[in-house]
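> Take the given structure of chain C and dock chain L to it, following the hints.
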Amino acid sequence: MMWFFLVSDALTFGGLLISYGFTRHDCIVAWPIGEETFNSLPFLGHGYPLLYVALMTFILIISSVTMVLAVEAGHRMDRKGVTKWMIATIIGGFFFVGSQAWEWYHFIHGSEFGKIELADGSVAIVKGHFGEIKNFTVTEAGHEHKKGDIVKEDLMHTFQHAAAAGDITNGIITLHDGSKASITKEKDHDLTLIVKKSGSVNKASKEKRVIKGAKAEKLYYDALYSGEANRVIYGANLKQNEYGPQQYAQFFFFITGFHGFHVFSGVVINIIICLGVVAGTYHKRGHYEMVEKTGLYWHFVDLVWVFVFTFFYLL
Amino acid sequence: MKRDDLIEYSLDAHHDEEKGKEIRKKIYKVTILLTIVTIIEVVLGAAIKQDAAIWPIIKWTFLILTILKAGYIVMVFMHLGDERKWLRYVILVPYFIFILYLIFIALWEATAIKSVLVYFS
Numbered sequence: 009m010m011w012f013f014l015v016s017d018a019l020t021f022g023g024l025l026i027s028y029g030f031t032r033h034d035c036i037v038a039w040p041i042g043e044e045t046f047n048s049l050p051f052l053g054h055g056y057p058l059l060y061v062a063l064m065t066f067i068l069i070i071s072s073v074t075m076v077l078a079v080e081a082g083h084r085m086d087r088k089g090v091t092k093w094m095i096a097t098i099i100g101g102f103f104f105v106g107s108q109a110w111e112w113y114h115f116i117h118g119s120e121f122g123k124i125e126l127a128d129g130s131v132a133i134v135k136g137h138f139g140e141i142k143n144f145t146v147t148e149a150g151h152e153h154k155k156g157d158i159v160k161e162d163l164m165h166t167f168q169h170a171a172a173a174g175d176i177t178n179g180i181i182t183l184h185d186g187s188k189a190s191i192t193k194e195k196d197h198d199l200t201l202i203v204k205k206s207g208s209v210n211k212a213s214k215e216k217r218v219i220k221g222a223k224a225e226k227l228y229y230d231a232l233y234s235g236e237a238n239r240v241i242y243g244a245n246l247k248q249n250e251y252g253p254q255q256y257a258q259f260f261f262f263i264t265g266f267h268g269f270h271v272f273s274g275v276v277i278n279i280i281i282c283l284g285v286v287a288g289t290y291h292k293r294g295h296y297e298m299v300e301k302t303g304l305y306w307h308f309v310d311l312v313w314v315f316v317f318t319f320f321y322l323l
Numbered sequence: 290m291k292r293d294d295l296i297e298y299s300l301d302a303h304h305d306e307e308k309g310k311e312i313r314k315k316i317y318k319v320t321i322l323l324t325i326v327t328i329i330e331v332v333l334g335a336a337i338k339q340d341a342a343i344w345p346i347i348k349w350t351f352l353i354l355t356i357l358k359a360g361y362i363v364m365v366f367m368h369l370g371d372e373r374k375w376l377r378y379v380i381l382v383p384y385f386i387f388i389l390y391l392i393f394i395a396l397w398e399a400t401a402i403k404s405v406l407v408y409f410s
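Listed in order, the protein sequences are those of chains C and L.
The first sequence begins at 9 in our numbering and counts up by one.
The second sequence begins at 290 in our numbering and counts up by one.
With the rest of the complex left out, here is chain C (with noise of 0.2 Å):
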């Protein structure tokens, strides 16, 4: 029975995948490309394509293995063998939760630079490392603040937020009480625009795609402090992103987050069987068909995560 439950969860997968599959093909502007989008690893920042991701894929393999040895260790009746070997998927699973869940946050929390569109109408993705904001000095006094006070707090957060509402005129930020300051900020280092969709002067075409030096930065700074709204894009939710469509994040979230279900529904049933190797009640039985059983669940998990990763990380 549980064959015939794993192909229709295949079924429901693969028709996830093709959905995705038609949507990339359909879709007249450029779709995000996996090694620009996920970049980065915990502690070390950006500039690390698809490592993290690497990363999950092997811990998942290996928790793979783990439990294919529990299986076999079954076989031979070995109880002991069998718990050690659980107890490692289960440990395998729960790092590749963990993971997903910082692979959430990232994404949803966005790059430093976002997705900014240009004065001419064109949009571009942005690389590079993002100069620290020092201070905000208040220039001109509001609800909280005084002329002459320095803020020290909530900057990148502040900063962000400003840019987004179009709250920064040529690098002059009114924060939130009224108050204007101006920002004191270390320079970027490489900044490169990659223009996704075309504008008046910037083509998105293969060629000209990538602007990068002062000329980059001239474009990048004009358009976010130019005072408008919603000229940059920071992060992603469900109505919209950085990195690319709509549709893209959309997906995003819902496939990996039906896997990580599956992977945490999975971790919870290895630890029920887990439990019941621990109290024998598998031996007394005679065969350890159980942990075959759940094997075949966690190995389906697997090889839902194989596909995943090709289609939204290496495609």
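Just so you know, these hints were derived from the structure itself, not from any lab.
A quick note: this is a predicted structure, and the numbers were derived from the prediction, not measured.
The C-beta atom is built at its ideal place from N, Cα and C for all residues, glycine as well.
Hints are supplied without guarantee of correctness; some may be wrong.
[Stated by the list, open to error] In silico SDA-like links for lysine to any residue, alpha-carbon gap of 25 Å or less:
(1) C/Lys301 - L/Val405
(2) L/Lys338 - C/Val15
(3) C/Lys195 - C/Ser208
(4) C/Lys193 - C/Thr182
(5) L/Lys318 - C/His83
(6) C/Lys92 - L/Tyr317
(7) L/Lys338 - C/Gln254
(8) C/Lys88 - L/His368
(9) C/Lys220 - C/Gln168
(10) L/Lys310 - C/Met298
(11) C/Lys92 - L/Ile312
(12) C/Lys155 - C/Ser234
(13) C/Lys301 - L/Val319
(14) C/Lys211 - L/Val405
(15) L/Lys314 - L/His304
(16) C/Lys88 - L/Asp340
(17) L/Lys348 - C/Tyr256
(18) L/Lys338 - C/Asp198
(19) L/Lys338 - C/Ser48
(20) L/Lys315 - L/Gly360
(21) C/Lys223 - C/Ser119
(22) C/Lys92 - C/Met64
(23) C/Lys195 - C/Tyr56
(24) L/Lys314 - C/Ile67
(25) C/Lys223 - L/Leu333
(26) L/Lys348 - C/Ala18
(27) L/Lys403 - C/Phe30
(28) C/Lys220 - C/Gly139
(29) C/Lys88 - L/Ile312
(30) C/Lys188 - C/Lys211
(31) L/Lys348 - C/Leu59
[To be verified] Computed Cβ-Cβ distance ranges for the label pairs, DEER-style:
(32) L/Lys310 - C/Gly53: 26 to 34 Å
(33) L/Ile321 - C/Gln254: 40 to 48 Å
(34) L/Tyr408 - C/Lys216: 20 to 28 Å
(35) L/Leu357 - C/Thr91: 29 to 37 Å
(36) C/Lys226 - L/Ile343: 32 to 40 Å
(37) L/Arg373 - C/His54: 22 to 30 Å
(38) L/Ile321 - C/Asp17: 25 to 33 Å
(39) C/Ser273 - L/Asp371: 20 to 28 Å
(40) L/Ala336 - C/Phe272: 28 to 36 Å
Just chain L now, kept in the frame of chain C:
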């Protein structure tokens, strides 16, 4: 009463230490293979940009490697390769017929829709 409607297939799946060693060896072999394939995929994905001339070949390489990985997981880890022949076909044949048809029809329709969108944009 002893139930005779349950097929306890695991009863004939017991094996001794000798056979276990052999099976474990196979498992480790497949592990190494899957790891290597994943590393190759990541290196290719990070090194070659999608606008490179060689990209179509890389794309197909990814697809083939994915199928290869999936095949090893299903046949070795999930033991489908060791199941009875009819079970293998009952699972694989309908699935592939359906999925291949769905892929074909989805991509075909998407192409048609795209041509309409491009026409009106």
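> Look at each hint and say if it fits the structure.
Hints versus structure:
1. With a CA separation close to 48 Å, the supplied pair C/Lys301 and L/Val405 exceeds the 25 Å bound.
2. Taking the CA atoms of L/Lys338 and C/Val15, the gap is near 35 Å; set against the 25 Å cutoff, the hint is violated.
3. For the given pair, C/Lys195 sits about 29 Å from C/Ser208 by alpha-carbon distance, which is inconsistent with the 25 Å threshold.
4. For the proposed pair C/Lys193 and C/Thr182, the alpha carbon gap of about 16 Å is at most 25 Å, so the pair holds.
5. The suggested pairing of L/Lys318 with C/His83 holds, with an alpha-carbon distance near 20 Å, which does not exceed 25 Å.
6. With a C-alpha separation of about 17 Å, the suggested pairing of C/Lys92 with L/Tyr317 holds against the 25 Å cut-off.
7. Simply put, L/Lys338 and C/Gln254 have alpha-carbon atoms about 23 Å apart, close enough for the 25 Å limit, and the pair holds.
8. The hinted pair formed by C/Lys88 and L/His368 meets the criterion: a straight-line CA distance of about 22 Å does not exceed 25 Å.
9. Among the hinted pairs, C/Lys220 with C/Gln168 is consistent with the structure: their alpha-carbon atoms are about 22 Å apart, no more than 25 Å.
10. About 22 Å separates the Cα atoms of L/Lys310 and C/Met298, which keeps this hinted pair within 25 Å; it holds.
11. Annotation: proposed proximity of C/Lys92 to L/Ile312 holds, straight-line Cα distance about 18 Å (limit 25 Å).
12. Distance hint between C/Lys155 and C/Ser234 is fulfilled; the C-alpha atoms sit about 24 Å from each other, no more than 25 Å.
13. This hinted pair checks out: C/Lys301 and L/Val319 have alpha carbons roughly 21 Å apart, not beyond 25 Å.
14. The suggested pairing of C/Lys211 with L/Val405 holds, with an alpha-carbon distance near 22 Å, which does not exceed 25 Å.
15. The straight-line distance between the Cα atoms of L/Lys314 and L/His304 is roughly 15 Å, inside the 25 Å bound, and the hint therefore holds.
16. For a cut-off of 25 Å, the pair hint linking C/Lys88 to L/Asp340 is broken: about 53 Å separates their Cα positions.
17. For the proposed pair L/Lys348 and C/Tyr256, the alpha carbon gap of about 19 Å is at most 25 Å, so the pair holds.
18. A hinted pair counts as satisfied when its Cα atoms are at most 25 Å apart, and L/Lys338 with C/Asp198 qualifies at roughly 19 Å.
19. Distance hint between L/Lys338 and C/Ser48 is fulfilled; the C-alpha atoms sit about 18 Å from each other, no more than 25 Å.
20. Taking the CA atoms of L/Lys315 and L/Gly360, the gap is about 15 Å. The hint holds against a cut of 25 Å.
21. Straight-line distance between C-alpha atoms of C/Lys223 and C/Ser119 comes to about 21 Å, which keeps the hinted pair within the 25 Å bound.
22. Restraint check: the Cα-Cα separation between C/Lys92 and C/Met64 comes to about 22 Å, which is no more than 25 Å; the hinted pair holds.
23. Annotation: proposed proximity of C/Lys195 to C/Tyr56 holds, straight-line Cα distance about 22 Å (limit 25 Å).
24. For the given pair, L/Lys314 sits about 20 Å from C/Ile67 by alpha-carbon distance, which is consistent with the 25 Å threshold.
25. This hinted pair does not check out: C/Lys223 and L/Leu333 have alpha carbons roughly 31 Å apart, beyond 25 Å.
26. The straight-line distance between the Cα atoms of L/Lys348 and C/Ala18 is roughly 23 Å, inside the 25 Å bound, and the hint therefore holds.
27. Taken as a hint, the L/Lys403 and C/Phe30 pair is honoured in the structure, with Cα atoms around 10 Å apart against an allowance of 25 Å.
28. Using a Cα cut-off of 25 Å, the hinted pair C/Lys220 and C/Gly139 holds, with the two alpha carbons roughly 16 Å apart.
29. Of the supplied pair hints, the one linking C/Lys88 and L/Ile312 holds, its CA atoms being roughly 18 Å apart against a limit of 25 Å.
30. This hinted pair does not check out: C/Lys188 and C/Lys211 have alpha carbons roughly 36 Å apart, beyond 25 Å.
31. This hinted pair checks out: L/Lys348 and C/Leu59 have alpha carbons roughly 19 Å apart, not beyond 25 Å.
32. Remark: the range hint 26 to 34 Å for L/Lys310 to C/Gly53 is contradicted by a beta-carbon distance near 46 Å.
33. About 41 Å separates the C-beta atoms of L/Ile321 and C/Gln254, a value consistent with the hinted range of 40 to 48 Å.
34. Take L/Tyr408 and C/Lys216: their Cβ atoms lie about 24 Å apart, and the range 20 to 28 Å holds.
35. Judged by the Cβ atoms, the range 29 to 37 Å given for L/Leu357 and C/Thr91 holds: they are separated by roughly 32 Å.
36. For the pair C/Lys226 and L/Ile343, the beta carbons lie near 34 Å from each other, so the given range of 32 to 40 Å is met.
37. Taking 22 to 30 Å as the suggested C-beta distance range, the pair L/Arg373 and C/His54 does not conform, at roughly 51 Å.
38. Between L/Ile321 and C/Asp17 the beta carbons are some 28 Å apart, a value that agrees with the proposed interval 25 to 33 Å.
39. At about 26 Å, the CB distance of C/Ser273 to L/Asp371 agrees with the hint of 20 to 28 Å.
40. Separation of L/Ala336 from C/Phe272 is about 34 Å and conforms to the stated range, judged on CB atoms against 28 to 36 Å.
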